[in-house]
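Protein chains in written order, with UniProt numbering: chain A, 1 to 273; chain B, 1 to 273; chain C, 1 to 273; chain D, 1 to 273.
Hints in this document: simulated from the structure, not taken from any laboratory. Treat the hints with caution; some may be incorrect.
Put simply, identical chains are the same to the list, so a pair is met inside one copy or across any two.
[Claimed, not checked] No farther apart than 25 Å at their CA atoms in a straight line, the calculated lysine to aspartate or glutamate pairs in the DMTMM-like style are these: (1) Lys223 to Asp71; (2) Lys223 to Asp137; (3) Lys223 to Asp247; (4) Lys109 to Glu265; (5) Lys223 to Asp123; (6) Lys109 to Asp137; (7) Lys213 to Asp168; (8) Lys223 to Glu235; (9) Lys213 to Glu80; (10) Lys223 to Asp168; (11) Lys213 to Glu49; (12) Lys109 to Asp127; (13) Lys223 to Asp206; (14) Lys109 to Asp53; (15) Lys213 to Asp71; (16) Lys109 to Glu74; (17) Lys223 to Glu265; (18) Lys213 to Glu82; (19) Lys213 to Asp247.
Protein chains: 4
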Amino acid sequence: MRLLFLGDIVGRPGRNAVIERLPALRDRWQLDCVVINGENAAGGFGINEAICDELITAGADAVTLGNHSWDQRETLVFIEREPRLLRPVNYPPGTPGRGANLIDTPSGKRVLVVNVMGRLFMDALDDPFAAVDREIDSCPLGQVADAIIVDMHAEATSEKEALGHHLDGRVSLVVGTHTHVPTADHRVLSGGTAYMSDAGMCGDYDTVLGMQKEESIRRFLQKTPGPRMEPGLGEGTLSGLAVETDDRTGLAIRVAALRLGPHLEESWPRFWD
Amino acid sequence: MRLLFLGDIVGRPGRNAVIERLPALRDRWQLDCVVINGENAAGGFGINEAICDELITAGADAVTLGNHSWDQRETLVFIEREPRLLRPVNYPPGTPGRGANLIDTPSGKRVLVVNVMGRLFMDALDDPFAAVDREIDSCPLGQVADAIIVDMHAEATSEKEALGHHLDGRVSLVVGTHTHVPTADHRVLSGGTAYMSDAGMCGDYDTVLGMQKEESIRRFLQKTPGPRMEPGLGEGTLSGLAVETDDRTGLAIRVAALRLGPHLEESWPRFWD
Amino acid sequence: MRLLFLGDIVGRPGRNAVIERLPALRDRWQLDCVVINGENAAGGFGINEAICDELITAGADAVTLGNHSWDQRETLVFIEREPRLLRPVNYPPGTPGRGANLIDTPSGKRVLVVNVMGRLFMDALDDPFAAVDREIDSCPLGQVADAIIVDMHAEATSEKEALGHHLDGRVSLVVGTHTHVPTADHRVLSGGTAYMSDAGMCGDYDTVLGMQKEESIRRFLQKTPGPRMEPGLGEGTLSGLAVETDDRTGLAIRVAALRLGPHLEESWPRFWD
Amino acid sequence: MRLLFLGDIVGRPGRNAVIERLPALRDRWQLDCVVINGENAAGGFGINEAICDELITAGADAVTLGNHSWDQRETLVFIEREPRLLRPVNYPPGTPGRGANLIDTPSGKRVLVVNVMGRLFMDALDDPFAAVDREIDSCPLGQVADAIIVDMHAEATSEKEALGHHLDGRVSLVVGTHTHVPTADHRVLSGGTAYMSDAGMCGDYDTVLGMQKEESIRRFLQKTPGPRMEPGLGEGTLSGLAVETDDRTGLAIRVAALRLGPHLEESWPRFWD
Ligand SMILES: [Fe+2]
Ligand SMILES: [Fe+2]
Ligand SMILES: [Fe+2]
Ligand SMILES: [Fe+2]
Ligand SMILES: [Fe+2]
Ligand SMILES: [Fe+2]
Ligand SMILES: [Fe+2]
Ligand SMILES: [Fe+2]
C-alpha cells in the first residue's frame, strides 16, 4: 500500500497547499490512504466542519487533531457525525468523538488510524502508550487492519522515539506532529515500522510555527498581552512523509520525506515516480 | 567562510564518528570553523577534559554545552582554563566558564560563538533573547566578528524559530540543539541568517535520543527507577549542517544538512565537492 | 510599625470583604501600612482602575499583582499613572508600570513595597532573587526604608521559603501569594524577617481558588472547553497577616495570621487589641 | 471515630517528633486511626523498611507515599509484604505495592486509606480523580468502610481543592501533602468531608522544606550542582490535622489543625481534651 501523511495544516496557506496539490499527488502516486493533521487548519486554532469537508474532498481519508482539537467549539458537536475526524484517543472517557477508527479506503483496504497525545510538556492525560496498545490489540496489523497509522501529537522527541520503538513491528507508521517543524529522521525501524519524529506543518514557513513573526517574537521579549496571533500570508508548503508497505504484512518497506513548496529543501518519494 | 556545526555528541558512538570523520571532512571541504555541541559526550552525561581535548584535536574550534553542562563535576573546574568550551550564556552571574567567545580560526578569521539556553520546558534562566543581543551588540558581525554562530539549546520549536527570526540579519547562523533529532528546515532566512531548528545528534540512532532503547521505553511505561541509562552501542551517525557565508557581510549564502552514517538519509554540502 | 498584608482579592466577594472591613480594622489597629494583592480583583482576572481606586480608598497603601497583571488590558495604561499599583519587578525591561516603590504612609513612614514573581511552574522570567536584591540594595532597611514588604507571587513553597531565608534580616516581611490558600507557617525567621508562604485569598472559600466549583472541577475531569470561570457568590473572607516591626531596625517583632469571615478558622492579631 | 493525619515526615527530626510524641497522643485522645505520609522519612528521600516499622510501632495504622516513593530502592521490594504502606494509586498497572487498602484499626473499625498523586506540575500519571472514584465505588463509606481517608499528594491548590469538592460527601477526609507547608484552610466542606489543602511536614521548620537552608537557597541562585541535600538538624515539629467523624455516616463533624513543636503557632484538637 501507498500511504501519505501530512503534518499540521496551519491556516489558509496550509489549506490552499493541500487543496491545490493533493488531488494531483493522490492520482499521480496512486495513493491508497492519506491522513492529515488538521488541528490548526482554522486560522491556526482548531478546525471547523467546512474545512474538514474540504480536506476530505481534497483526498484525506482521515483527519487527526491534537491539543487544539476544541479551539473551535463546533468541533465538539460535528465530530460525533464525522467518523473520519479523530481526536487524541487518550482524552478522558466521555470526550466527544473517537480517537481511532478503521477506515475503508477507496482501493478497498482497511487502515486503522490512531491519534494520541504525548504527556511530556503537554496537558495531563492518561498514558498514551497503554492507550495505543489497547487500540492495536483489538485491531491487529495483518489480521484486521491492512495498515496502521499512529499520529503521536507530542512535544518531546524522547516520548515520540520511545513510542516508535515500543510499537515497532506492530504498526505500519508512527509519525509525530505538533512541533510544526519537519524532522529529517524518517526511516524504517528494525521491526518494520516507518517512523518520523515530526511531519512538520503544511503552512507558511516564513513565520514562527505558521503564525506571523512579529507578534510571536514579541511574546518572547515581553510578557504583556498583544494582538491575536494570525497565520502567515505567504505561500504554503506541504510537509509530511510517504510510506510504502508490504501488502502481506502491513509493515513498511520504504519511506520518504515529502516537502513541496518554498523555504524547505524539496523532497518527494522518487521511488513512486 | 565555510562553517560546520555538529549537534549533541552522545557517548562513544558519537565521539567515534566525529574523531574518525571530521579531520578528513575539514580537509576535504577546507572548513574555516567547526563548532560541536558536546553536552552528552561523556557516556551521555556531560563532558570531561580528555574528551574536550579529543574533540578539539579532531578539528573543533569550539565546543558548546547545554542543560547537561555540569553532569561531570570536573567541568566546573576545567572550563575555566579552556576558552574553547562554552556553556549557556544566560546562566547566572558567577557561573564558571563563559557563554560566548571570539574564536581565532586557523584560517585567520574571527568567529563569535554563543551558546544560549531556551526557557520553554527547560530550567529557569534569564532571558535568552536579551543575553544574545548583548553579546552580538558588543561584537557586531562584519565589524568585529567575521562570522557569528549561535547554538540555541532548547526544547520548543517556537522559541528556536523566534530567536532565529529575531537575530536574522545580525548573525551568520542560529542552530538549535537538545532534541537529538535533526530537523529538515535548514535554510537561509530572509535577512541572511542561516537557520536550522535542531542539528540532531552525533550518535547511535537506533536508540531513544542516543541512549539504549529498553530502559528509555520502560521509563515511559513504568514510574519506578531502573538501571542507569547507557548510550547505544551501534555505529554513530554525524548530524549537523554546513553553511557558507559571504566574506564581506558574514551572512549566509547557502546551507546544507549534514547527515553521514546509518539510519538517516544521507546529506552533505554538494556545493563544496 | 504595624503592617497588614492581604492576599489575592478574588472578584466581588473579595472586594466587598475588603471594602466593608478594612477601614474599621485600619482604624482599630492603628495600621501604618496596608498592602493588598489585587491580581484577581476584577471578576477573577486582573484589576481595573475603578477597582484599584476603591482599594486605595478603602485603605490600601499599595496594591500588588502577579501572573494575572494584564488580564484587563487597561491596566497596561493606567498602571503608568498609579504609583501605588505594582506589577512583578522581574518582568522584562520595557514592561509598563513599576515593580517596586517607596510608599509614604499616612503616619509619615516610608515603606518599600516589592512585587516579584517566582519561576517554578510559572512564566519564564528573570531571576527573582537577583531582582529583589537589587531593589533592597538601593533602598536599604533602616536607612532609606522604615519597612520593606516583599510579595513573592509564586507556586512552589521551596522557592518562597528559599527567598524568605535569603532575605532574612534585610526586609521586614516576605509573604507569598498566588495559591489562594493561606498557610499556617507565619513566623519571624531567625534574622528578624516575618514570613508566611501564602497569605491566602480574600474571597469566597466555598469554591476552587475563589471561582465557582462546578466548572473548576469539570476541567479536571474533562479536557473540553466550557463556560468562562466565574467567581463564587458567597460571602468573602479576609485572609492575610499582621506584622509589628521594631521602629529602630524595621525588622519584625511579632506576626499573626488574619482570617476573618466564613469557612476558615478565625485569627487576628490579639496583641493589638 | 477519631482520626489523625500527619504530613510528610522529613528525616530524623520528623521521625523523632513522631516517635516521641505520637504514642502519648494516641493514648490521650483515644485515636481510632492514624495515617502518616512518610515519603521523605529516610534522610529526606523515600522510606526504608526499618523506618516504616518504626512508624507503625509508634502508632501509624497506615503510611502513605508520593513522588519520592522509590527513592530507596528496597521500597520496591518490601512494599509488597507491607500492606500498611501505600503508594499513589494512579501509578501504572504493574507498579509494586498498592495504592489503597481497607485497614482494620485496633478499635475494630475499617478505614479505607487511599494515596493518590496530582498531575499539575508533577509526573505524568493517569487521572487521579477517576482513580479515587474507582476505589471508593468499590468500598463505599458507611457500607464497607467506617471512614475513608484520601491523601492527595500534589503541588497545585486548584487540583487539591477540586478533588476535595469532587469527593465531598463520599469520603471522611481529603488531605493534601507534598508542599511541606501546612495550610490554614482545614474545615468541613458542605457535604461533610473534612478538608485541608496541605498537612504540612513533620520536620525541622528552620529549613527549606525540611532540608538545610544553605544548599537549598544556593540552588535558586546558581545552576551548578552542589552537595547532596541534607535534612535540617533542629527539633522537629508535628504537623497535620485531627478529624472527628460521625459513627453512623463516616462523615466529618469537626476538624482541627495539629501543630506541635517549634516555629509554628501551636494548634491541637481542644475538643478532645
Ligand atoms: Fe499544531
Ligand atoms: Fe499541537
Ligand atoms: Fe543533548
Ligand atoms: Fe540538552
Ligand atoms: Fe491570584
Ligand atoms: Fe497568581
Ligand atoms: Fe514530601
Ligand atoms: Fe512529594
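Here is what the structure says about each hint:
| no. | hint | in the structure |
| --- | --- | --- |
| 1 | Lys223 to Asp71 | both (23 Å within a copy, 12 Å between copies) |
| 2 | Lys223 to Asp137 | between (46 Å within a copy, 23 Å between copies) |
| 3 | Lys223 to Asp247 | neither (53 Å within a copy, 38 Å between copies) |
| 4 | Lys109 to Glu265 | neither (33 Å within a copy, 30 Å between copies) |
| 5 | Lys223 to Asp123 | both (22 Å within a copy, 9 Å between copies) |
| 6 | Lys109 to Asp137 | within (19 Å within a copy, 43 Å between copies) |
| 7 | Lys213 to Asp168 | between (38 Å within a copy, 12 Å between copies) |
| 8 | Lys223 to Glu235 | neither (30 Å within a copy, 34 Å between copies) |
| 9 | Lys213 to Glu80 | neither (35 Å within a copy, 28 Å between copies) |
| 10 | Lys223 to Asp168 | between (43 Å within a copy, 22 Å between copies) |
| 11 | Lys213 to Glu49 | neither (28 Å within a copy, 32 Å between copies) |
| 12 | Lys109 to Asp127 | neither (29 Å within a copy, 36 Å between copies) |
| 13 | Lys223 to Asp206 | within (23 Å within a copy, 32 Å between copies) |
| 14 | Lys109 to Asp53 | within (21 Å within a copy, 57 Å between copies) |
| 15 | Lys213 to Asp71 | both (21 Å within a copy, 23 Å between copies) |
| 16 | Lys109 to Glu74 | neither (31 Å within a copy, 52 Å between copies) |
| 17 | Lys223 to Glu265 | neither (35 Å within a copy, 38 Å between copies) |
| 18 | Lys213 to Glu82 | neither (34 Å within a copy, 33 Å between copies) |
| 19 | Lys213 to Asp247 | neither (44 Å within a copy, 28 Å between copies) |
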